[in-house]
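Chain by chain, the residues:
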Amino acid sequence: MPFDWMKIPYSLLTLFIVVNYGFFLNALIQKMGARAGRRYGIPIWQNYVDMIKNYGLRSSITHGAMFYLGPVFRLSGGVGLLLFVPTIYGSYMFSNLSFAGDLILALYFIFFGTLGMALGAGESGHPHAAIGVSRGLAQVSTAELPFALAVFAVALQYQTLSVTEIVAAQQGGFLQWTLFTNPLAVAAAMLGFLGSMMRPPFDVVIAPQEIPIGPPTEYHSAYLALMQTNRAIFPIAKIVIYMNLFFGGASDWPTFFFKVFLIYLWSAFVGVVFPRFRVEQSIRWFLIWAVPLGILSIILV
Amino acid sequence: MTYIALATGFLLILIGFYGALTNRNLLRMIVAFTIANSGINVVIIAIGYMHGRTAPILDATVSAADALTRVIDPVPQVLVLTAIVIGVGVAALMLVFAYKLYERKGTLDISKFAELKW
Amino acid sequence: MKDELKIRVVKGPDGVEFEVEPLKDYYCEAAPTVMPAAYIKVVEDLFNWARSESIWILGFGTGCGAIEMRPLMTPRFDAYRFGVQWRPTPRQANLFVISGYLSTKTLKRAIRSYEQMQNPKYVIGLGSCTINGGMYWDSYNTIKRLDDYLPVDLYIAGCMPRPEALLAGFQDMKKLIRAGKAEGANLYAENFEWYKANQKRVIHDWDMPDYNW
Amino acid sequence: MVNAIYIIVAALGAAFLLGLLKSEKRGTAYVITLFALSVMTWISAGWVWAFVMERAAPVDFLTGGTSPPFSINFRMGLPEAVLTLLASLTGLLSALYMKDVLCALGQRAMAVLLVAVMALTGIILTRDLFNLFVFFELAIISTAGLMLLSEDARALAAGFKYLIVSQMLSVFFLIGIIFAYHATGTLNIDGMATASLGLKAGGAIAFFFLFIAVVAELKPFPANGWGLDIYESAHPGFAAIFSAATSSAVIYAVDKLLLIGGAEWLPMATGIGVITFLAANLFALPQTNDRRLLGYSSIAQTGLILAVLGQRDILGDNVLYIAGGLLLSHAIAKAGLNWISGLVAGRELPDWAALRSRPILVFAFVTFIAMLSGLPPFPGFYAKWEMVRILAGEGRIALIGLILLGLLIEAGYLFRWFGYIIKREVPAQSVRCSPFQISAIFVALASGWALGFVWGELSNQYFGHDNLLLAIPVVFALTFLLLDWLPAWVKNSIAIVGLSLFFYLTFSDYDPLRMIFAIIFLIGGAVILLASYDSKGRRIGFYPATMLMFAGLILLIRATDTFGFFAAWELLTIGSYFLILRGKHSEPHALSYIIFSLGGAFLILAGFALAAQGAPLFNIDALAQLTQPLAPWVFLLLAIGFMTKTAAIGLHIWLPGAHSEAETDVSPMVSGILLKAGLFGLIVLLMTMGKQQLYGVELTYVMLWIGALSALLGNLMAIFQEDAKRLLAYSSIGQMGYALFGLALMNHLGWLMALMFVINHYIYKSMLFLSAGGVAKRTGTRDMYRMGGLITLMPLSFIATLIGIIAVSGVPPLSGFGGRWIFYNAIISSEYRLPMVIIFLAGPIAFLYLFRLIHTIFLGQLKDEYRKIKEAPFWFILPQMIYVALLLAFAVAPGVALRRVDTYLNQIFPGGGLQWTGTEISSAYGYWNPVAIMIIIAVIFGTLFAWLLFVNRKAQKVKQFNIVYAAERPYRPETTHFAWNFFAPYRKALGFLVQPFATRFWDGVTNTLHTAADISRRLYNGNGQSYAFHLLSFVVIAYLMRMGA
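Residue numbers (the working numbering), protein chains in the order written: chain A, 188 to 488; chain B, 4 to 121; chain C, 3 to 215; chain D, 37 to 1081.
Bound conformation, chain A alone (with noise of 0.2 Å):
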């Protein structure tokens, strides 16, 4: 099959378009954070100059290889997610590299940041980082089923695992989006939305005093710059997928910016309002509340 060699700069425009966005984006819901605090919160740019910042730091240490793969997998895996997974819907230009593979590639991609961020937590020998990695992965097991269950409903609806098939099924006013049409999906989904955004209630992984900030407590200057990065990229990816998959996708950038803003607004929204769960109370929250909504719609296609 010939390779079309333009994917790769409109892929890096894609890019360079979600890291700016998703900057701003984060500096946005954290400043809107603050003021649910009624404080004033960074200045926008603040997550611009942090990374800077730490690029400009001279002097950096390393605990082995893994150490260094470690944010080297994280990113990869933001931007692999970002670039599977076509992000304006009927655009060539923004199709990115969906060729590669459909909705299980993305699916499965999610797991390659977390899992060489947890090695390269490991490798820096320090028990804070496993007992984030071992909180963290014990809490996103249970928080990603809702969410698959969610996705398979969705396929089974649409009989498609074709992100773009299922957005284009979604066509045709927002009635059709499956936000309406699988409100069961939908939900479950969102609630399991919560448990992967590292957010309140469901933030007891990285908990800043008790195990100082968990997996990355050993990164600083340019690893801790890629996962910045990381930061940026993968929550705005991940919604994508949301959008796509529940709310109809975008056909342009403006809508595009809105829905990704909407649906990160909800888990900041509840993130503001609620304290920490620990990890056994949050693994039994998502199968009490959030499975059960994933098994309906599973069951009621």
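Simulated from the structure, these hints should not be mistaken for lab results.
Quick reminder that beta carbons are idealized off the backbone N, C-alpha and C, glycines included.
Incorrect hints may appear among the rest.
The following residues of chain A were derived to be distant from chain D, with all beta-carbon distances above 12 Å [what the hints assert, rightly or not]:
(1) M193
(2) L215
(3) V236
(4) F254
(5) T368
(6) F461
In silico contact screen, one side only, chain D against chain C (beta carbon under 8 Å); selected entries [stated by the list, open to error]:
(7) E901
(8) V1000
(9) A1003
(10) E1004
(11) R1005
(12) Y1007
Given chain A's structure and the hints, the job is docking chains B, C and D onto it.
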């Protein structure tokens, strides 16, 4: 007549079994079995007996020619003879065992020889 | 020295015995080096700007002044709007605020945490105690001059200085950084022997490598 | 041919001659005894030769010059010839075996021995009822006499108890004889049979007494306490005769009597036989004394044969083949085992560990217990197969169930015993034996194998099955027995070459589906065997076992009929059992493995038998033609049997121990390869039988649930393991659950996914087991929390593990993802929703244990004592690297293996397959492009890595304690390595799911059996009078049941 003999025989067998099952003394048990053996011998004879005939011995009184009609069936008699011999043999062997057992433990109580179990 | 740091003989799974010297085998022995600025000035200026606008404070309260830092996170003072944030791990922190008096016991932890921060890193002495011992000038177990032990970039005087003073201090700190004058880490590396001698003079149960990477 | 009477004459003559000798001439006396026994053996052997080779007709020998009923006649036919040969040969070998004690006791003892053997041959030969009685009494008297040979002082009491019982029996016998005679007027057995004794007045009761008197000699339950006492206390040489020859003779006597009784007495024989078989095996369970155990086993075996005789109405002519096979197996094995017991000093079962000093004795032991358990290639196996086949054909299902249950219990205690021998500490007193004794055992051993061959030939001749001992893989495996003196690396090379060569020679035989299995079994086996080069020395016993397993595996995929399939199944089971048993602490685990496996195998046997409906040769493909109501039951039996091997949840408890305790290079074999045998069985089953419904429940749907639950619970249990290999073992349960799920989906993609799992699981599980094994070898522990930080010391092992866990977890770009992708496509087209949910839950859980595996071993803190360890041995690393390469290759080009299978599956599930366009693979629902994925990820990863390397080029490498530790410092690596109870929160939340319910259930079953047996066997209180009472009750109960029936 036959029935009395048969009944006696079975009674002896039962007495023998009863004795063997109720007496703990080895010698008494052996005696009981001898009684039972006698009983079975009587039974065999009784079964083989035919009314009005004579013992299956060919001598002056019974010629070979009319033996078929005059003597009783010789086979049970033969069986009894063999059975007696065997019975004696077994009884003797049991006595030897009893003797040896007594030598070993100084008792003839069978319940004392229960080391082998389960 | 603590028992767990003494040389010990252990037996491997194959039955061969060998020595383990914790300080050598478990800790990096390298000394700190002076880290030059970026070769291109524009780049260094950019970095200095970023460093000044993104000050990550190590969340380590060493003395009573720590209480003055908490209000900075609250709506009333909200230091975040100045690019100031707190990090729970020294690896990610750039600024170490020694908040008030520093007992010799805590000094050891402060040194360790300071050394685990990455170059460039800054120290602010908060309150009089860090300048001359303050009201504890004759105490048997606090240090008197913080500058003898760690390279201090800035003092915020007072007993205690209020959060507003801290905010003002951060602004001054930013100016120092932007001007490229906050080179405490390099100073520390240059005068490493001197700092270590001072530190070891007051810390009698020294039980760590000379430089904590 | 020599007149059979000379058998008796030789013995009697020699016995008399002995009486004439002076008592000091013991040497001469011994020679005479041996000579007489040899003559008897020779005569019998001559007859056997005549019947077998020259197809001679049975001959009657008359004694009194007239024909019966006026005289006693002996008959010599094939069974008689074989049995007399057995009796006299056992006598001869025992005489050799007992040389010391016979010479010490003098010619009287020898005379008694001769009389005993003579009496037994008499019992076999005579056709006269009263003569039978006489020989019986002679046998009893001589038995009692021979009891005095024993050094055990308790033997006296045992002899006396025996005499008590036999006194009662002779009374019954005589009553029976006289009444039978009275009714029929003859004493000739054949005469009575023609006179239809049972139909005459009082005939039934007469026969009842006859029958009961002879059957009671077989020590039926519960009237068998005396027999056990004899076994326990007799001289082992005599116990061999008592067990092998006496039982056989008496069984033959029963057989003759049944000729008189006719068909209506057969159920009674079966009933007594089966009850005895079960009870004796059950009571043997808690037994600790070796000889008493052998006694229980002997009683059980004779019970089984009695039951078989009771089935002669349906077995017909096959009864000789079946009962004969069982009887000869039993006789040889029991003689051999009793002889061995004389060489062992201690009387507790673990004392037999002394045998380990002589591998030939261990081999003999294992041969004997295999013969007893009815394992291939011994006669018992063929007999078992034919018996179950015919019984099933006639619908005697309950009987099959009881017999198989008994066999399973018997195998249980026999293999437990074998475990003691291999694993327990060698006692201080070693094996003491003379060349005579060894040669006796050796003859038994040789005849066991020879009979295996003969029965194989017979099976070929009569039923068209292949002789297992002629199958090339089996022969190849057995050759290693002879080559065991060679150094391990030579044998290893031969094994690898053999496996590869066999593949090369046969690869054109396989369809694409079987091809996958053939490659995994043969080539995969060869690759794993590379790791075996690491073993030094000779590694006695490893190669025969391994090759036997591989022989079974390869025969399994080559089998076309159910017999071949089942035989292969049992072969691979035994082979793998021996392999697993080799592990250091694997004794209990190997035992539970063999019990579960045999249990499963018996279900398969029953299933096949049920399917065949009596047909001697049943093609596997013919399973497809089965119809209701039979088909679902066959399906059920076979499916459970196969799922035992794949360790489906509930039947899984053997797997973790067995796989984790096995040796380093064995774990990958039993996990990566052996588990596939179960999957292959399931594939064959589902391919032929398809979906089946039982009471309206679709069985594949149930399998779907089982698969899903196995996946979930296997994974869940894996995350709580501290032991690396145990973790991998539990993970296998989960992985097999996925494969099972895929198969049970019964659609094209489901099967493709299952096959993908087959390949993947072989590669990564073998790799991970080798890697974990290599680490365990270096660190001396398998507890992960004791390790940590090994990445720098064992980088290659780390890479293998890393690649392995990425592949297992299904993360792109490695091949595990392909499996998941097909999985999703498979379930999207399936209408089963609920089990899907379960398997969804299982997916992410895999990450938990996989991360734990790599983290706690290779990352984190390195411990003091492991600072100097080296990379795993080269021979462990080499296959791992091959697997890494394979995984990467398979990840990029899954089509190499799958495309042909995909096409092939179209025959079974038309449509619904995948499209292969260029490098892209697509289904009706989705698509993926493995090459593109690999390239994209590599490019992204490479770019970012290069960037990070550039910006962090000056990073200072620090050591393990250079971590921020809340301003403190770590104290010791042990307290800094977070590894133990790694997923504590998970346990808090979901720990209730992994309560060992299955383990508790099976423990409960075995405990109940043991306790019941332990309480019930107290029936045998050792008192002779109680035994007499048991006998009477037995007679009464038997009578009441007979009359009731």
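Hints that the structure is at odds with (numbers, increasing): 4
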